[in-house]
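Enquirer: The lines below spell out each chain.
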Amino acid sequence: MKTRYAHGGDEHIFVEIDEEMSLEAFFKSLTLANSLREKNIAGVTEICPANASFQVIFNPDKISPDAMLKELKDLEKSLEETKSIIDTRIIEVPVFYRDPWTEETLMRYRDRHQDPKSTDIEYSAKINGYNTVEDFIEAHSSSLWMVTMVGFVAGLPFVYQLVDRERQIEVPKYIRPRTDTPKLTVGYGGCFGCIYSVKGAGGYQMFGVTPMPIYDPKQEISYLKDFLVFFRPGDLIKFNSIDRSEYDEMLKETDNGQFEPRIRSFSFSLENFNKDMDGYNNILKEALYVN
Amino acid sequence: MSIKVIKPGLSTTVQDLGRPGYYHLGIPISGGMDRMALRAANLLVGNNEGDAVLEAVFMGPELKFIVDSVVGVTGGEMVPKIDGVAKKTWTSFEVKAGQTLGFEYLKHGARTYIGISGGVDVPIVLGSRSTYSLGALGGLKGRPLIENDKIPIGLARKNVKIGKVVPEKFRRQIVGDLIKLRMLPGLYWHRINDHSKKTFLADSWGVAPEADRIGYRFQGGNKLEFVDRKQPFGAGSDPSNIVDGCYPYGSIQVPGGTEPIVLHRDAVSGGGYFMLGTVISADMDIIAQLQPHTVVRFESVDMNLALKARAEQNSLVSGLFSIFS
Chain A
1 MKTRYAHGGD
11 EHIFVEIDEE
21 MSLEAFFKSL
31 TLANSLREKN
41 IAGVTEICPA
51 NASFQVIFNP
61 DKISPDAMLK
71 ELKDLEKSLE
81 ETKSIIDTRI
91 IEVPVFYRDP
101 WTEETLMRYR
111 DRHQDPKSTD
121 IEYSAKINGY
131 NTVEDFIEAH
141 SSSLWMVTMV
151 GFVAGLPFVY
161 QLVDRERQIE
171 VPKYIRPRTD
181 TPKLTVGYGG
191 CFGCIYSVKG
201 AGGYQMFGVT
211 PMPIYDPKQE
221 ISYLKDFLVF
231 FRPGDLIKFN
241 SIDRSEYDEM
251 LKETDNGQFE
261 PRIRSFSFSL
271 ENFNKDMDGY
281 NNILKEALYV
291 N
Chain B
1 MSIKVIKPGL
11 STTVQDLGRP
21 GYYHLGIPIS
31 GGMDRMALRA
41 ANLLVGNNEG
51 DAVLEAVFMG
61 PELKFIVDSV
71 VGVTGGEMVP
81 KIDGVAKKTW
91 TSFEVKAGQT
101 LGFEYLKHGA
111 RTYIGISGGV
121 DVPIVLGSRS
131 TYSLGALGGL
141 KGRPLIENDK
151 IPIGLARKNV
161 KIGKVVPEKF
171 RRQIVGDLIK
181 LRMLPGLYWH
191 RINDHSKKTF
201 LADSWGVAPE
211 ADRIGYRFQG
221 GNKLEFVDRK
231 QPFGAGSDPS
241 NIVDGCYPYG
251 SIQVPGGTEP
261 IVLHRDAVSG
271 GGYFMLGTVI
281 SADMDIIAQL
291 QPHTVVRFES
301 VDMNLALKAR
311 AEQNSLVSGL
321 FSIFS
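First to last, the sequence lines map onto chains A and B. First residue of the first sequence: 1, per this note's numbering; consecutive thereafter. First residue of the second sequence: 1, per this note's numbering; consecutive thereafter.
Honestly, the hints are just simulated from the structure, not real lab data. We put the beta carbon where it would ideally sit given N, CA and C, even for glycine. Among these hints, one or two may not hold up.
[Stated by the list, open to error] For lysine-lysine, the following BS3-like pairs were computed, each having C-alpha atoms within a straight-line distance of at most 30 Å:
1. Lys-73/A with Lys-308/B
2. Lys-81/B with Lys-164/B
3. Lys-81/B with Lys-183/A
4. Lys-199/A with Lys-7/B
5. Lys-180/B with Lys-107/B
6. Lys-230/B with Lys-126/A
7. Lys-158/B with Lys-183/A
8. Lys-126/A with Lys-73/A
9. Lys-197/B with Lys-2/A
10. Lys-308/B with Lys-70/A
11. Lys-197/B with Lys-70/A
12. Lys-169/B with Lys-150/B
13. Lys-88/B with Lys-161/B
14. Lys-218/A with Lys-64/B
15. Lys-275/A with Lys-161/B
16. Lys-107/B with Lys-161/B
17. Lys-197/B with Lys-81/B
18. Lys-141/B with Lys-252/A
19. Lys-73/A with Lys-230/B
20. Lys-64/B with Lys-4/B
21. Lys-180/B with Lys-150/B
22. Lys-308/B with Lys-39/A
23. Lys-39/A with Lys-83/A
24. Lys-150/B with Lys-197/B
25. Lys-39/A with Lys-77/A
26. Lys-230/B with Lys-2/A
[What the hints assert, rightly or not] What the simulated footprint calls covered on chain B by chain A, stretch by stretch (three residues with Cβ under 8 Å from a Cβ of chain A suffice, anywhere in the stretch; the number is not a length):
27. 130 to 136
28. 265 to 276
[Stated by the list, open to error] Chain B is faced by these chain A residues, among others (derived, beta-carbon under 10 Å):
29. Glu-11
30. Ser-22
31. Glu-24
32. Ile-63
With the hints as constraints, model all of the structure from the sequences given.
Expert: Take a look at the structure:
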């Protein structure tokens, strides 16, 4: 990993921790972004952590781009080691895979897809070496995932699969992006999963849909009353496969304000995860379901 | 107090100077795309520079006033009319209760700012009244105006004068000729080869029909060629892909190397396309006034020039203040 600093015009500095994705790069990016936030530098208006990079937005009338760059480089030097434990949450996200709404949508965009004869999930299962879509869904919903970026549009989480690299799901994005994606679509592109927080354009493969709202500009949903965006970088996700009747039931619950997502606190150790990834997945599942 | 929307125009939104602080969650700054024109519209009608105004793109709305108000119209040139009688742009005028404010067709520019004494008084969400349509946030119900909307208006300051004028030098006019957008190369500039670095800056780029508050797409230049590399893990297979990262406002991404997109105030906050540089802050307002098919050229500048241009822009803003203070 070699950090690269780049000016984005006169108001931004882009800090790339690594060209490729890894949890190590994410933890370093998050650590630097958080330490920068703690420094409260006058003129800094936004600090945006991403998967393996972060961005600082500042007012160059208050701090010059050179001075800002120096602050960032000094911060990196002063950082003895990356914080490898984060206090976070594990959240269960129910997913209705192969739902009729994303299927209807994907059929409208077959001419923009690598494999017009398959659905997105059939294609993704095939190129990742799964014999059946059921096996693929099992792989997608049995491992844990970490939110490594929130953005693109309001409150959309990018999630990274917590298994060794050989087993990570990887799929290309659509050849040309769609102009439509149903709200709360569970998608995939490159090595990242995502949940589309709002309806709109998108280029990720579509696997299913969750009944659980994750962005509420009206702040009416019980668990979004305090803040309109649900996910934060570092959150852990466990997808849970549900069928149509369970989906309808949960949707009814979210509509009448009774739905409460399953959330548990957890202190995630990168070191322990790296020592035994499968074992650590089991610890995470236990923390989510046993207590 | 309110104004009734008879016709909404093509896409008219409530905007102020924006909502910084939430870009890390994918919520962009929003706010007027042409900030200078937005400030002028406010100052003309005795408001604070950052009060909320209406931003109308390509076609003006038709608004029925319920109380006597002072109005100022700036930015893209659309002549305002009161009950059919033409008024001057960049000049404050009175609209009486019961009268209707309409607009002639757009003569030049793209976005017109309608300042109303007292300011548009929709609720403040996360520190701003600006509309972010994609996230259904802010503005009037999180969306552009529609027919029969009632736009709440704040209490006007006393003694707001009519006949105030914004001097010529503060009025940006995008007319004819080739427009230059100054950009600082960087970010992933190294991903394209030397030949493409030259063609990108030499080519003429026309504004594509997909040009909105999120970003402006350009077309007509040469396809960019990439420096060969093995794609990093997680980036995706296309040479224009990167591991999804943050997008600066004004950053220029070129998906597939074909059509550059400059992100604006409702920017998507991040994604997986390389960016070859960033339009400097001083030139962001210009983009707001570009119509489809307008031809631009990107001009490479260094940081010193970018900061000099910013200082000039700042002194223009102070100049505007001193006239109205």
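Enquirer: Now look at each hint and say whether the structure bears it out.
Expert: Hint by hint, here is what the structure shows:
1. Lys-73/A with Lys-308/B: holds, 25 Å
2. Lys-81/B with Lys-164/B: holds, 17 Å
3. Lys-81/B with Lys-183/A: Distance of about 41 Å is beyond 30 Å: violated.
4. Lys-199/A with Lys-7/B: holds, 26 Å
5. Lys-180/B with Lys-107/B: holds, 20 Å
6. Lys-230/B with Lys-126/A: Between Lys-230/B and Lys-126/A the Cα gap is close to 23 Å, so the pair holds against 30 Å.
7. Lys-158/B with Lys-183/A: violated, 47 Å
8. Lys-126/A with Lys-73/A: violated, 44 Å
9. Lys-197/B with Lys-2/A: holds, 25 Å
10. Lys-308/B with Lys-70/A: holds, 21 Å
11. Lys-197/B with Lys-70/A: holds, 28 Å
12. Lys-169/B with Lys-150/B: violated, 35 Å
13. Lys-88/B with Lys-161/B: holds, 15 Å
14. Lys-218/A with Lys-64/B: Holds, because 28 Å separates the two Cα atoms, which is no more than 30 Å.
15. Lys-275/A with Lys-161/B: violated, 73 Å
16. Lys-107/B with Lys-161/B: holds, 27 Å
17. Lys-197/B with Lys-81/B: Between Lys-197/B and Lys-81/B the Cα gap is close to 47 Å, so the pair fails against 30 Å, i.e. violated.
18. Lys-141/B with Lys-252/A: Within the cut-off at roughly 24 Å; holds.
19. Lys-73/A with Lys-230/B: Measuring from Cα to Cα gives roughly 28 Å; hence the hint holds.
20. Lys-64/B with Lys-4/B: holds, 5 Å
21. Lys-180/B with Lys-150/B: violated, 40 Å
22. Lys-308/B with Lys-39/A: holds, 28 Å
23. Lys-39/A with Lys-83/A: Within the cut-off at roughly 17 Å; holds.
24. Lys-150/B with Lys-197/B: violated, 50 Å
25. Lys-39/A with Lys-77/A: OK: Lys-39/A and Lys-77/A at ~15 Å, within 30 Å.
26. Lys-230/B with Lys-2/A: Judged against 30 Å, a Cα distance of about 17 Å means the pair holds.
27. 130 to 136: Since three or more residues must qualify, the claim that chain A covers the stretch 130 to 136 of chain B holds, with 4 doing so at under 8 Å.
28. 265 to 276: The restraint on the stretch 265 to 276 of chain B holds, since 6 of its residues have a Cβ under 8 Å from chain A and three suffice.
29. Glu-11: This hint holds: Glu-11/A lies near chain B, its Cβ roughly 5 Å from the closest one there, short of 10 Å.
30. Ser-22: holds, 8 Å
31. Glu-24: violated, 12 Å
32. Ile-63: Constraint on Ile-63/A not satisfied, violated at 12 Å.
Violation of the numbered hints given earlier is confined to hints 3, 7, 8, 12, 15, 17, 21, 24, 31 and 32; the remaining hints are satisfied by the structure.
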